[in-house]
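Based on the sequences and whatever the hints tell you, model everything.
Chains as they are written, first to last, in the numbering used here: chain H, 606 to 993; chain C, -10 to 378.
Please keep in mind that the hints were generated in silico from the structure rather than gathered at the bench.
Keep in mind that the hints are not guaranteed to be accurate.
[Unchecked claim] Covered by chain H, per the in silico footprint, the following chain C stretches (three or more residues, Cβ under 8 angstroms):
| hint | region |
| --- | --- |
| 1 | 14 to 28 |
| 2 | 102 to 115 |
| 3 | 261 to 268 |
| 4 | 316 to 325 |
[Unchecked claim] List time: in silico DSS-like cross-link candidates among lysine-lysine, alpha-carbon distance up to 27 angstroms:
| hint | chain 1 | residue 1 | chain 2 | residue 2 |
| --- | --- | --- | --- | --- |
| 5 | C | Lys96 | H | Lys834 |
| 6 | H | Lys620 | C | Lys370 |
| 7 | C | Lys238 | H | Lys743 |
| 8 | H | Lys614 | H | Lys834 |
| 9 | H | Lys743 | H | Lys728 |
| 10 | H | Lys897 | H | Lys607 |
[To be verified] Here are some, though not all, of the chain H residues that point toward chain C, as calculated from beta-carbon distances under 8 angstroms:
| hint | residue |
| --- | --- |
| 11 | Leu621 |
| 12 | Leu628 |
| 13 | Val632 |
| 14 | Leu635 |
| 15 | Ala636 |
| 16 | Val643 |
| 17 | Ser666 |
| 18 | Pro670 |
| 19 | Ile866 |
| 20 | Val868 |
| 21 | Val870 |
| 22 | Leu876 |
| 23 | Ala879 |
Here the structure is a predicted model, which means the values were calculated and not measured.
Note that the Cβ used here is the ideal one computed from N, Cα and C, for glycine as well.
Here is how the chains run, residue by residue.
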Amino acid sequence: MKVFKLIFKNALRHKLRTILTMLGIAVALLAFGLIRTVINAWYAGVEASAKNRLVTRSAVSLIQPLPLAYREQLLKVPGVQSVGFANWFGAYYGDPNNFFANFAVDEAYLEMYPEFVVPPEQKAVYLRERNACLVGRKLAERFGWKLDQTVTLTGTIFFGEWDFVIRGIYSGAQPSTDETAFLFHWDYLNERVRETNPGMADNVGWYMLLIDNQANPAVVSETVDAMFKNSFAETKTETERAFQQSFVSMSGAILAAMEAISVVVVFIVLLVLANTMAMTARERMAEYAVLKTLGFRPFHLIGLIGGESLAIALGGFALGLVLMIYVCNGFATFLTSNLGNFFPVFELKNITIILAFVSALLVGVFAAIFPAWRAVRMRIADGLHRVA
Amino acid sequence: MKIPVSYSFRNLWTRRLTTILTLSGVALVVFVFVAALMLSEGLRQTLVATGVDDNAIVIRRASQAEVQSAIDREQANIIKTQPEVALDSNGKPQSTSDVVVLISLPKRSNNEPTNVVVRGTSPEGMRLRAEQVRVVAGRMYTPGLRELIVGKSLQQRFQNCEIGSTLRMGGTDWQVVGVFDGGRTGFDSEIWGDAEVIMPAWRRQMFSSVTVRLRDPQQFEALRQRLESDPRMVVDVKREKQYYDEQSKFMAIFINVLGTVVTFIFSFGAMIGAMITMYAAVSNRTQEIGTLRAVGFRRRSVLSAFLIESVLLAVLGGIVGLLLSSLLQFVSISTTNWNTFSELAFSFKLSPFIVMQALIFSLLMGLVGGFLPAVRASRLKIVEALRTE
Chain H
606 MKVFKLIFKN ALRHKLRTIL TMLGIAVALL AFGLIRTVIN AWYAGVEASA KNRLVTRSAV
666 SLIQPLPLAY REQLLKVPGV QSVGFANWFG AYYGDPNNFF ANFAVDEAYL EMYPEFVVPP
726 EQKAVYLRER NACLVGRKLA ERFGWKLDQT VTLTGTIFFG EWDFVIRGIY SGAQPSTDET
786 AFLFHWDYLN ERVRETNPGM ADNVGWYMLL IDNQANPAVV SETVDAMFKN SFAETKTETE
846 RAFQQSFVSM SGAILAAMEA ISVVVVFIVL LVLANTMAMT ARERMAEYAV LKTLGFRPFH
906 LIGLIGGESL AIALGGFALG LVLMIYVCNG FATFLTSNLG NFFPVFELKN ITIILAFVSA
966 LLVGVFAAIF PAWRAVRMRI ADGLHRVA
Chain C
-10 MKIPVSYSFR NLWTRRLTTI LTLSGVALVV FVFVAALMLS EGLRQTLVAT GVDDNAIVIR
50 RASQAEVQSA IDREQANIIK TQPEVALDSN GKPQSTSDVV VLISLPKRSN NEPTNVVVRG
110 TSPEGMRLRA EQVRVVAGRM YTPGLRELIV GKSLQQRFQN CEIGSTLRMG GTDWQVVGVF
170 DGGRTGFDSE IWGDAEVIMP AWRRQMFSSV TVRLRDPQQF EALRQRLESD PRMVVDVKRE
230 KQYYDEQSKF MAIFINVLGT VVTFIFSFGA MIGAMITMYA AVSNRTQEIG TLRAVGFRRR
290 SVLSAFLIES VLLAVLGGIV GLLLSSLLQF VSISTTNWNT FSELAFSFKL SPFIVMQALI
350 FSLLMGLVGG FLPAVRASRL KIVEALRTE
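Next up, the structure:
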């Protein structure tokens, strides 16, 4: 136990230096945590997707609609339990830069999302009223919307001003559930499109298929796509997870850049700590020589230097963890006000903390290698000589 | 009297290992800082270069991007015949009605289907954009046929885009007959064909946008006011440059916010690194400082000598970081631009302004990191300093 005491005392010999080093490590680990959290936020949609949901969309591109008539045919496909459909509405509230997800959905679609928890009495009212809408808890908070309030959205794809009455506020069943969406009746959209732009009516953006637990998603997908092969609107069917993944991979280059940056951070941490350890070891060469004279073996020296390096690294990690928890919350608010609800889910994950911890450990070990090697290799006479 | 700068420089040289470690820390921070700025600058420049100063673009009101917009033939004709629109040598208006659709194509690198823009344009459109776009391989598409020409950078990134290959879209096969060079514009990431063939294939009756050349850029306001108040249409009229600038906004903000926040946090790490180094420098050289003071150098001179040392350290790091990041200019990246929902290729762009920002940033890191240690050095009492071992 004396060894630990010695390590501890050694670490505190230059209090200012140790504190600064810890602070440096903490701040860099904070940046690491933040970047990892942003990357995770990107994958939130993938994680929230269910295994038994398939998405059928136009094979040409996502913005190309499919005819409403496909619904009946899709229902006949073996393994398909129910079929819902939706349209991306793409409207904004107030400022065009206030992005949030809004879609027109049918009743079946809503039933497929049990993770959107709406109080039953609110849902009943919603289903009764044509121009009712359901909004996520976080979205309502962001715009200060209340139940039964009328809100007006401006369409970018479906032109004009659209009035909705908020009849339900849903919350997510899991932390990964998107609580920032805006859902309303597909019929409400279609009716108005039929009046203003009949050519666009009776089209849906994508179908959502709920399949039996025993059904093979790949087989169902193939059956569906084969059914509409060579028709005017060919389809592409995939699992919801793959569908969400395709959104993520659109920004692949940006994500790769962020991953690279998060590695750079670890190197910065390493540089800061290695610098401190190199300085410390150089100053103490004479002491190490004395220890060697007294009969301490190389592994004692390695233990002393490595232990101190690890202690500082872990101290920095602990401090960084506290910072991470606070700043991630703050940054989430900051992002929302600058970029709208681009990241519906923004939370610090355990895996991020574990990664930061492992990085700190590794950095602690690597920072000690060079000084320890020098201390071990040093000849006693040379070390003692430094005193004079 | 001042302590010569060479004193500071030599001190850095004497303690090479520590200097290199600290310098690398600063260099990495500046590298990330510059990389983020270069990325958003590259994105902005690419999109802004797509627009031309004396062009105006008309889209349906509140559409934000061409993909969402719709303008019918009658409206397009009204827009083209406005008095502000420049005429060509044959007395026809210099304008084009384009249709913009998205298709998904597999990428070469990972076979991942990705959205790309297909622009149906017109012979007038090709003339209007002659300065930005020219066919470099194969030939121009023939109006009236199912033929396409593809942008150079798009051709490099996507499968099935060689001359002679067929693309299947809108339920029919299309022949790729040429490659065009769109320079550093967004057009380079597009596929072009004849609007009059693309529209029926997609069963569309509407154009997406109308672009007109103005006789005089000053007349833009007059044109905008007349068209936006015309009861026969609900449109937004924008200068082309401004339109494309807005297309880059979301991504540029995202990269900037993230880049700034991250480097701001990073810079603390680097400043602390510099501070540790400088504190150690001061305590190692206590006797030396005492000597300097004893031979008559003022407190101020000692302070500035240490500040100069720290600034030197940081600025050298900054220069290394800048050199590293300038290599990124050879890297071209492509990502989906969320404003248009389609893939866009662009490269990292270094501008004099970014260089200046980076240097000021590293200078500040040096100043802040070195200030406290320098103050400590200047406050040392001569007698005590000389007495320390």
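With chain C as the partner, please determine if Ala879(H) meets the hint condition of a C-beta pair closer than 8 angstroms. Ala879(H) check passes; min Cβ-Cβ to chain C is 6 angstroms, inside 8 angstroms.
Tell me if Val632(H) is really an interface residue toward chain C, meaning its C-beta lies closer than 8 angstroms to one of theirs. Nearest chain C Cβ about 4 angstroms off; hint holds.
Taking 8 angstroms as the Cβ threshold, is the statement that the region 261 to 268 of chain C is covered by chain H upheld or broken by the three-residue rule? holds (count 6)
Should the hint that Leu635(H) touches chain C count as held when the rule is a Cβ pair under 8 angstroms? Since chain C brings a Cβ to about 6 angstroms from Leu635(H), closer than 8 angstroms, the hint holds.
Are there three or more residues in the region 316 to 325 of chain C whose C-beta lies closer than 8 angstroms to some C-beta of chain H? The restraint on the region 316 to 325 of chain C holds, since 4 of its residues have a Cβ under 8 angstroms from chain H and three suffice.
Restraint check for Lys238(C) with Lys743(H), where alpha carbons must lie at most 27 angstroms apart: Within the cut-off at roughly 24 angstroms; holds.
Given hint Lys370(C) paired with Lys620(H) - CA-CA distance at most 27 angstroms: holds (22 angstroms)
Coverage claim, chain H over the region 14 to 28 of chain C, checked by counting residues with Cβ within 8 angstroms (three needed): Held - the region 14 to 28 of chain C has 7 residues with a Cβ nearer than 8 angstroms to chain H, which meets the minimum of three.
Does Ala636(H) meet its interface restraint, that is, does its C-beta lie within less than 8 angstroms of any C-beta in chain C? Cβ of Ala636(H) sits 4 angstroms from chain C, so the hint holds.
Interface hint for Ile866(H), Cβ within 8 angstroms of any Cβ on chain C: holds (6 angstroms)
Do three or more residues from the region 102 to 115 of chain C put their C-beta atoms closer than 8 angstroms to C-beta atoms of chain H? holds (count 3)
Val868(H) as chain C interface residue, shortest Cβ-Cβ below 8 angstroms: violated (11 angstroms)
Checked against the numbered hints above, the structure violates hints 8, 18 and 20; every other hint is satisfied.
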